[in-house]
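Using full-length UniProt numbering, read the sequence shown as starting at 1 and increasing by one per residue.
In case anyone wonders, no lab produced these hints; they're calculated from the structure. Where is the CB? At the ideal position from N, CA and C, for every residue including glycine. It cannot be assumed that every hint is accurate.
[Claimed, not checked] No more than 25 Å apart at the CA atoms, straight line, and that leaves these computed lysine to aspartate or glutamate pairs for DMTMM-like:
#1 Lys901 to Asp929
#2 Lys397 to Asp435
#3 Lys449 to Glu107
#4 Lys996 to Asp1075
#5 Lys901 to Glu838
#6 Lys401 to Asp680
#7 Lys1173 to Glu1185
#8 Lys847 to Glu879
#9 Lys871 to Glu905
#10 Lys1188 to Glu1148
#11 Lys360 to Glu107
#12 Lys113 to Glu37
#13 Lys764 to Glu423
#14 Lys375 to Glu420
#15 Lys56 to Glu107
#16 Lys579 to Glu423
#17 Lys918 to Glu905
#18 Lys557 to Asp680
[Stated by the list, open to error] Estimated spans, in silico, between C-beta atoms of each pair:
#19 Glu999 to Glu1185: 30 to 38 Å
#20 Ile948 to Leu1132: 42 to 50 Å
#21 Phe943 to Asp1136: 51 to 59 Å
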Amino acid sequence: VARLLNLIGSDGVKIYRTFNIDPKEETVNVIFDKLEEYCTPKRNEVMEHYKFFMRKQESSETFDKFYADLRDLIKSCDFGKSEEKLLRTQIFLGISDKDLQGKLLREDLNLIKSENKIDVIEKKNVNKFNSTDYHRRKQQQEHVSEQFGREHSKKMSKEKGNVKTYKFNCYKCGKVHSINECPAYNRICNTCGNKNHFALMCKNKAKSENRNYEKRENNQVNTVEKENEVYEYLCLDEVEIGTSNTWTDNVKINELNVKIKLDTDAQLNVMPIEMYKKIKSAQLEKSEVVIKTFGGFTMKSQGKINVEIENDKCKTNVVFEIVNYEGMPILGLKDCKTLKYKFNEVHELEIETKKKRFVKENIDIFTGIGKFPDKIKIKIKENSIPVINHPRRIPIKLIKKLKELIERLCVQNIIEKCEEPSEWQHPLVVIEKPDKSLRMCLDPRALNKCIVREMVQIPIVDEVRNKLTNKKYFTLCDLKDGFYQCELESDSMKLCAFSTPFGSYQFRRLPFGLANAPEIFQQLTSKYFGSIKNICVYFDDILISGNTQQEHDEALKQVVNQARKLNIKFNLNKLQYEKSEVRFLGMIFSEQGIAPDPEIVKSVVELKIPQNTKQLQSFLGMVNYLRICIPNMSELIEPLRGLLRKDVVWSWSINCDSAFNKLKNVLTELTTLSNYNTEDNFTIQCDASEKALGCCLLQNNRPVYYASRCMSDTEQMYAQVEKEMLGIVFACKKFHKLIYGQRLVEIFTDHQPLISIMKKEINKIPNNRLKRMRLKLLIYNTDVKYCPGKYMYIADLLSRNYIQRVENTEENLNDVVHAINEVEVQFKNDRIEKFREETNRDEHLSKVLKYLDTGWPNKMIECGEIKHYFKIKNELTKENGIVYFGNRIIVPKVLRNYVIKKLHETHLGITKTLKKSKLIFYWPGISSDVKNFIDICEICRKFSISKIKEPLLQHEIPELPFQKIGIDIAEVERSNYLVVMDYYSRWLEVLSIKNKTSETVIQLLKILFSRFGIPEEVVCDNNPCGSREFKNFAKEWHFNITISSPNYPQSNGLAEKAVGIAKKIIKKAKSENKDLSLYLLNYRNAPVAGLTWSLAQMLQSRVLRSKTNSINKKILNPTVVDCSEENKIQKLKQKDWYDKTATYVEKEFKPNEHIMLQDKFTKLWSKAVVLNKTKWPRSYLVKDEKGKILRRNTIFMRK
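The task is simple: from the sequences and hints, build the whole structure.
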């Protein structure tokens, strides 16, 4: 406090003295609080309320800024619990859009829903404005680039997506400004009442003042005014279509090489002044033409020239208007025709322009996420067993992105938080794209097995043929995010639940990969679009056709209106607009009729001529496989068969060439789809060679579709299992239109490891590339089967006989699929790289890597671990230079000890460590290696549990009473008693003793022996019976002493039991203050448990007279009792019962053997050395770490 007062200065001290602070409570924090309270201006609550309620949204202000200011103002209003309600009310009252305000006032929305709704509507209005304002901005850009001569043909292309900033005289406001900065935008003219210009620049005003020019309205873009004539053209200088030069050409103008732009919408030709200056012998004539450009900008022609223009087809004379701009000369429609340019390309440009206009007008059906009116019900089979998958962890760096993605999907009503526990919990798969954005989906394989798929009629080719025959115009629309446009019923939502690090969620819309998705699409699209004339519906594709332009446009209009009405969205990227021909269901439909798609037979048509016997055998193998479908096959192959003989020199003749081409023609004719039937099952053959992929789609053993392609340079470096999986993905994507929605598609491969990979859950596939490919196949109902390569005739040939082309690797194969196992071991940063290095150095794993790339041999001759790996080759994969067995890393020999140490870092037991290791790692003999390591772990041995009891080792039953006795000392309430029990009759003696000295015990035993005789053996504890006096007593009285093991009272179990009985009798007698002798008399007269005789009968062959049996004297008659057999039977039963939970006895310990010795009290184990075995059973003399010599039972000893 003193330092603080010194630092705040004299003025601060003066303020401090005004505070009334209790010296006991004075601290630095208290002083700071007082100073802060003093310095903070006094708040006027009424003024704060006034500022809040007077805040209104400005006309050009965004809702986000308005909402943020309200949030900031309400903090100082202290509205308490009413804060959110008042904030919502002020939003409704202060919003500038009155139409939106009316909608909000009609609905009872909370703050969050109000905020979301306003935000969505505002963005929608912005998009709408952008789409309508796009054309106007385009006009300004084109005007600027022509008026001021900017070089625009490249710099304003779509590829770069930016426009230079130019200053120009605006015809709407009369001022000089940049593009899109016109102050007249959205302002109302005082002269005509229209928007977007000032009265100063109003054209209606100019009309009244000057009648020299007569204007004609039309739909063209730019006009040229020449007295009473108006010419219009479209300037394409700022637009580049893709990267091609389709709309430019190199020509000669008066022998000067010039690049010109072809413009079919232009009705005159224009040339820049700089270009005119370069042309020789060109006479500039006077021109009165005024060019009106896109958007109404006017440009005066500087004159006109008549020049000779020549291209590679013809030569002609044309007239160019000379204009002050920079760029290419533009050739109009009339002279394009004169120079014989191809107008089918021109037509394509016109269609493209029309398509853009169509998209602009209907942008709402291409944006956002739609929703069908119907709710989808997923039916599952009765008695289906729900499957719950535990949530999988994802990398920490993705948690924030995943949370944002989940929140965004919740706002879009695609998913929602589960309100109650769900019986189904599916694995969540998170995919990270190359741009670092995330996509997530389910792995619904378990649910797919239980789904009842509805029988929905799929259109067959013949039906489609009838509808599309001789149609001239075609448009193909594809549903956007088709899965998410199908809303689920509440019960069905529970079937699509999944776990995340943030809790359980469920899909409100149809998730990706459900088996019944194709039928759902077919039902919904047929229901809402199938009744429209000239429409073909096939799953999520809608094909519009028409004999005439009007018929096509009418059908398209109905589809658009229906989609807008039902809030259904289409995919803009897949829109095929007003095509003259369309590929649909493997056929090409056009005005000329129907033809098979050339892609179907392209791979066979491009088959190269065989260069040797092996290649010819491969080709004939494919022909022979299809022999049932080929008439007169033997005649066709006769010229080729001779080349297979061993005694014939290879010589490819004209006859061979003719036979080869005839066979190719036959094979291509087999694929005509007249026999294709959606009701029959399909089969696919897939194969991958070193550099190419080949596949064939068959139905009823007839080829339907051939396909092949060479691999990209990247794909050629894939492992063989990755190449084979890539072949399956290529086949499914190529045949998508034919196999999508089929109940089962059989896929044959000659790579057996793929069979097990296709059956695994995605998170259990260690290879990330295989995961990505497996995700692509989720939408198909496939059954992958193994077929030896020698029987894969068609696919094998197509994968080896191909035309070399440049192929690109699919972008989405660079996605990263995050599905991490529940158990993970953290390594140092360099350990993963160390794994790769050691795997390459490992004697056997380096060979495994090689075989995974090139293929395994048929037999394994080598010995060692490689032979074991050969047996499990179908389960081996590689990822980033590391070999996996299933989803477990195979550890190189050098790193195995390190891995075991890492697994056993926290000293888990053998069972847990083994289970943990088998989730992550693998190598031959991993179980024994882990067990051996833990067995010698010092920490684990020290804190290991006690040994399980060993099998019962019973004392021998004596033949006579008092032949063998057990003695012990009992202490009850500070009184000591000598307890003796006979091993034969269980006779109990309880004798009071003054102290525990051996002398006292000996005196009492002498009295006892005088009554019952001297026993042969006395079983006792070490204290006091281990003393010298007691040993001398035993020697003098001729009996043996058996001393039980220290700390192991079970070895004198009968005496211990007698002590327990004696203690109870003594306590009961003392509690009632009765004579102990009476208690002992009655106990000796009671029958022994499990026997019919009492202690007295077994010892004295008679019942002792007591207070209760004196009436019946017959009971007291002596009867000789021999209970030896009964005792033995009882002992055996006890042993059997005891041994049920006992473990085996360890082998005998040898002298000088190092062992672990347990302390009975701390239960800890320490090192010790065996000295020798004693004469008593399971008893050894050992030396502990401190050098003490101890006698211990084997229950405390462990090797």
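Does Asp680 lie within 25 Å of Lys401 when you go C-alpha to C-alpha? Not satisfied, since the Cα-Cα distance of roughly 45 Å exceeds 25 Å.
Go ahead and decide if the range 51 to 59 Å is satisfied by the Cβ distance of Phe943 to Asp1136. violated (34 Å)
Taking only the CA atoms, is the gap from Lys449 to Glu107 under or equal to 25 Å? The given pair, whose Cα atoms are some 44 Å apart, is violated under the 25 Å limit.
Would you mind confirming whether the straight-line C-alpha gap from Lys871 to Glu905 stays at or under 25 Å? violated (32 Å)
Below or equal to 25 Å on CA atoms is what counts here, so check Lys1188 against Glu1148. The hint holds at about 21 Å.
For the pair supplied as a hint, Lys764 and Glu423, confirm whether the alpha-carbon distance does not exceed 25 Å. Holds. Lys764 to Glu423 sits at ~22 Å (cutoff 25 Å).
Compare the distance between the alpha carbons of Lys56 and Glu107 with 25 Å, and conclude whether the hinted pair is satisfied. Satisfied, since the Cα-Cα distance of roughly 21 Å is no more than 25 Å.
Below or equal to 25 Å on CA atoms is what counts here, so check Lys113 against Glu37. violated (38 Å)
Mind checking the alpha carbons of Lys360 and Glu107 for me, to see if they're no more than 25 Å apart? Measuring from Cα to Cα gives roughly 31 Å; hence the hint is violated.
Sort out whether Glu879 lies within 25 Å of Lys847, counting only the CA atoms. OK: Lys847 and Glu879 at ~15 Å, within 25 Å.
Check the hint pairing Lys901 with Glu838 against an upper bound of 25 Å on the C-alpha distance. Within the cut-off at roughly 17 Å; holds.
25 Å limit on alpha-carbon distance, applied to hinted pair Lys375 and Glu420: holds (21 Å)
In summary, the structure is inconsistent with hints 3, 6, 9, 11, 12, 16, 18, 20 and 21 from the numbered list given earlier, while agreeing with the others.
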